[in-house]
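K.L.:
Just need the whole structure built from these sequences, with the hints factored in.
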Amino acid sequence: MGDNKLNLTSNRCYYELDTKYVNDGKDEACEKLEKKSGEYTKAALLCMGLIGNLKNYDNLNIFKKMNNYKCNYLNLWAFDRLSKLEENEQLKTKILILTLWKKSEHYEKDCDPAQFGTYIKSTDHITEKKLYDYALNYDELNFRYKENDIIACTRNIEKYISESKELYKQVENECIRDKDAHMKRSCSALKKIQNIYPNNELLNLECKSVEKESTSRREDIEGPKGWQHEESRGLQQRLQRAEHQGEVVKEPISGLPLPEVGSSSGSHQAAATAVPILGFTGLGSMARNFLRTKGINGINSQEELTHELLENPYDSNAHPDLSETYIGYQTI
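Residue numbers are given in the numbering used here: position 141 of the sequence shown equals residue 1480, and the series is strictly consecutive.
To be clear, the hints were calculated from the coordinates, so they are not data collected in a lab.
Among the hints, erroneous ones may be present.
[Said to hold, decoys possible] Below are the PhoX-like pairs computed for lysine-lysine, each with C-alpha atoms no more than 20 Å apart in a straight line:
no., residue 1, residue 2
1, 1547, 1498
2, 1460, 1423
3, 1442, 1365
P.N.:
Here is the structure:
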């Protein structure tokens, strides 16, 4: 199973780069890559996504402790999406991306595409991306599987952690031995990561327990799908609706309905909301804990329950029995 199918922080961040500001990136240059049979091509979506992300660069605060390196993540995302295009599309799309990036106000100020421009083969990009992704994923994985002894790692997560640590050690050894290490992108990435996580902290991550294959089929996969995996129909529909409405339609989180505006609220409505939420891993645990603490009659509104569950999902003191950070339906 590829890392891009696991429920990881990095996949959610890249999905946000794919989708959040894509409508802000409509540009004549992207239009030339545009529609086939009335739909946006992947090259056009990459072009629009890049322009939208650069326009909203100051708002891209989604990379947690690694946010100082958000330009690196933007470069990694852009090349990852480029590498998934048809081979005959890649060169002209890459030239266009570099041209548009150079026109951005951020080109000279705080984010240039030098990293993106140096990648020739996707293999050069993969090692660097895996290092940056592991650093981005570390805190959530550490919270879920090491700091808490309630949650067992799935075998796929255990494999991801093990392979990430091996890659980290391999790159570290190569950078120590290589006299030209300062010129290697993987060594530069490792140095930046160690600025945030010194003393090889990322090598300390481990699973306290691992699920037996026969005991559970709980999925750790299916985080948000990037446009290269989804029938990009969902994104196409959002863009088409946006053309009529003037903005990207906000989607509910993992199937949870958006709160109704102006609806009456009360403890019974909150209770009705709580029941289906209990069927979701992560939010189910928090909902049960919240209801035990306050009781149904202590909840003033649906909004209070929703706010309590979604506002601080990583607060281990408030939600000690948190079993998942990302919502995935599971039978109870």
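K.L.:
Between residue 1547 and residue 1498, is the straight-line Cα distance small enough, at 20 Å or below?
P.N.:
Cα-Cα ~14 Å, so holds.
K.L.:
Checking one constraint from the list: CA of residue 1442 to CA of residue 1365, max 20 Å. Satisfied?
P.N.:
It holds: about 15 Å lies between the C-alpha atoms, which stays within 20 Å.
K.L.:
Does residue 1423 sit within 20 Å of residue 1460, going by the straight-line distance between their CA atoms?
P.N.:
The hint holds at about 12 Å.
Violated hints for the displayed structure: none, as all numbered hints are satisfied.
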